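A.B. asks: Chain residues, written in single-letter form:
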Amino acid sequence: MQSSSSWLADYFERVWFMNPTLAAVLSVILGVGICMALIPIIPGFGSYLERKVCADLQQRIGPNRAGFLPFGIMQAVADGIKTIQKEDLIPEHADRFLFKSAPYICVIGVFSCFAVIPFSGAGPLSALNLGVYYILSISSLMAVGIVLAGWASNSKWTLLGGIRSAGQMISYEIPIALSVVTVAMVAGTLNMSGLTAAQRLGWNIGFWNSNIFVTLSFPVYWIAALAECNRTPFDIPEAESELVAGYFTEYSGLRFSFFAMAEYAEMFVVSAMAVVLYFGGFYLPFEGIMPWIMDLSGGRLTLIHFAVFLGKVWALMYLMIWIRWTLPRYRIDQLMDLCWKALIPIAFVNFMGAACWMALLG
Amino acid sequence: MVTTRSTLHTQEMILNMGPHHPSTHGVLRLILRLDGEVVEGVIPDVGYLHRGIEKIGEGLTYRQFIPYTDRIEYLASMNMNHLYCMAVEKLAGIEVPERAEYIRVIMAELNRIISHIIGCGALAMDLGAFTPFLYGVVEREKCNDLMEMTCGQRLTYNYLRIGGVSQDLPQGFEEKTEKFLNEIKDRWDEINKLISANEIFIQRLANVAVLSVEDAFSYNITGPNLRACGVDWDLRRDEPYSVYDRFDFQVPVGRGERGAVGDCYNRYMIRVREVYESIKIVHQALNRIPVGDVMAKVSKLFKPPAGEVFMRAENPRGEMAVFIESDGSDKPYRIKFKAPSFNALAVFNKICRGHMVSDLAAVIGSFDIVMPEVDR
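For the protein sequence lines, the chains are S and V, in the order given.
Heads up: the first sequence at position 95 corresponds to 95 in the working numbering, and the numbers run straight through without jumps.
Whatever position you read off the second sequence (first residue = 1), add 362 for the working numbering.
Worth flagging that the hints you see were computed from the coordinates, not collected in a lab.
All of these numbers come straight from a predicted model, not from anything done at the bench.
Beta carbons: idealized from backbone N, C-alpha and C, even for Gly.
Any given hint could turn out to be false.
Only pairs whose alpha carbons sit at most 27 Å apart, straight line, appear in this in silico DSS-like list of lysine-lysine [said to hold, decoys possible]:
#: 1; chain 1: V; residue 1: Lys541; chain 2: S; residue 2: Lys156
#: 2; chain 1: V; residue 1: Lys541; chain 2: V; residue 2: Lys504
#: 3; chain 1: V; residue 1: Lys504; chain 2: S; residue 2: Lys52
#: 4; chain 1: V; residue 1: Lys417; chain 2: V; residue 2: Lys712
#: 5; chain 1: V; residue 1: Lys555; chain 2: S; residue 2: Lys52
#: 6; chain 1: V; residue 1: Lys642; chain 2: V; residue 2: Lys665
#: 7; chain 1: V; residue 1: Lys642; chain 2: V; residue 2: Lys662
#: 8; chain 1: V; residue 1: Lys712; chain 2: V; residue 2: Lys659
#: 9; chain 1: V; residue 1: Lys452; chain 2: V; residue 2: Lys700
Label-pair ranges, simulated between beta-carbon atoms [to be verified]:
#: 10; chain 1: V; residue 1: Asp548; chain 2: S; residue 2: Gly311; range: 33 to 43 Å
#: 11; chain 1: S; residue 1: Leu319; chain 2: V; residue 2: Gln529; range: 49 to 59 Å
#: 12; chain 1: V; residue 1: Phe535; chain 2: S; residue 2: Ile73; range: 39 to 49 Å
#: 13; chain 1: V; residue 1: Met511; chain 2: S; residue 2: Ile73; range: 31 to 41 Å
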């Protein structure tokens, strides 16, 4: 599979006659640089969307004053500038090193996932063959960061939040992994671009025309993904009405905003995963049998694909926000019950069912 | 109920919940003994909002004290005004004009509606569902407009007077109130659809912090919290004061729809159903309200005879009671209130054991604790 960075390296070599090694290194640095510069836009827009959508659901107007642009679009920028100005407080008896490093670990864990997300036909930054596996493992770093934050703050509230999140995030990785494996098995690949390509034909809704169990695994994936991002009804690690603010109670300023950034980026990542696994990635529905779309030139097609991908992801983000402002929150033991007694058995049945389907009908 | 059994070495943790905590509804401090997340003991620490209102009352004339009763329970100021004025009228033997009685009932029941809206909304908010609260606040705002139209205030009304009310209902009040009642009924149905049948909401409340009838009696739990235990007792019906005996309304009693009788869900549902009953009462009162004076003849220098009086009334949070001792001067010798939330706090240690920290938010919300009435 092609990746954006290999495409860049190719470009450097052919057009600028660069040394291949230098071209490869430069392309990776450039690609990562561009990504890291652009990713923070996602949490910014995510927080703006969250505030606007929740205001809409609650019959309010939401932010509409900040800056010179209409509809309060500058609110995210204003929030960012505000958090930079805040004092960086560290509690007196906190473990300073761990306290300082926890937000970075969260951010690194989430931002690394963007390397393998195929935004368009130009491919992801890195065409890793184990793309899905890579996302599952590297995003677990977030749990480490949260537990560290909870522990290092030396506060009982944050400790409770950290311990809760450790239990929650580790448990909910199992249904996610089982659902993902179901899809990967049917598509026959763990590569994100390969998974997308496997859905080029049809409605792109979880291979529904080829295997019903894949479609059924989407609700399981989605519920577990909500828990993975600590979103309501599973936001018990931060549970503002119980634990004040959970694991990041003691954080302020930029470090606090790093946690918020990591949360919104994580939402984006799990939504992008859902799009890749179940909603046909960057393809339009039935794109494989649409003649006019094949006639388009590469650049235009890439742009359309990019827009389609982002559109699908933000639609799922909207769904997440909608759920958050509608439902109450689970208790920790009920949350564990849901995971171990409902989601994991269902995910497992889906997995077995999909395998049987492939063996009998495939 | 969660039980933990372990051979590992564990240590009890003491956790201060409050006085500034998002779900303690004001400045309540709970000292929790925790085993992990399981609550082993709850010690409520009250007094952070003590303003000495009862002592202040001894230095004021009977009339001057009315605004202070607003501040004792700011979510049900009309009910507090009503209780205090009734007690003083009983002490001095003043006959209140019938129209004033009807106005008082209308106001008290409107206040009960908006108090329950806040109570139920805040409970949902404590459980993480933010939106129902704001839906309720929209309706509360309309009711506040009605109150403002009547007496010029939106929260602490100071509307009732000893011997009547400060002024008659304004023009157009009846029509606007009817309109509000119809709207609140529709909206209350909608809010109910949103949360009351929500499975997560029910799981969080059902069978949590079950209060038995014996405990309720021995801790003197009253009002909706008592009715949630299955006790059919409502002062408005069983010991009617004012003109409550002329209205036809049901008293909701806990039925244990989704769990044991006396759990958090019952306490919540009682309040939900009471709103409908209050709507009925206001409807009837508006239809039957007579014309006439709204103030009895009370002398400017008001001096009730020496003696003492005890009066209780059904407030949104339970039976509020007041004791006034008069020495024959223009100032009360002693005023003492008995607040229902205070008793509700006392029972926490008994019913919260074995539940989790998260449940405490549900318990505080379901008892609908209001701190100024506890501390006074």
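A.B. asks: For which of the previously enumerated hints does the structure constitute a violation, in increasing order of number?
C.D. replies: Of the numbered hints, 1, 4, 6, 7 and 8 do not hold.
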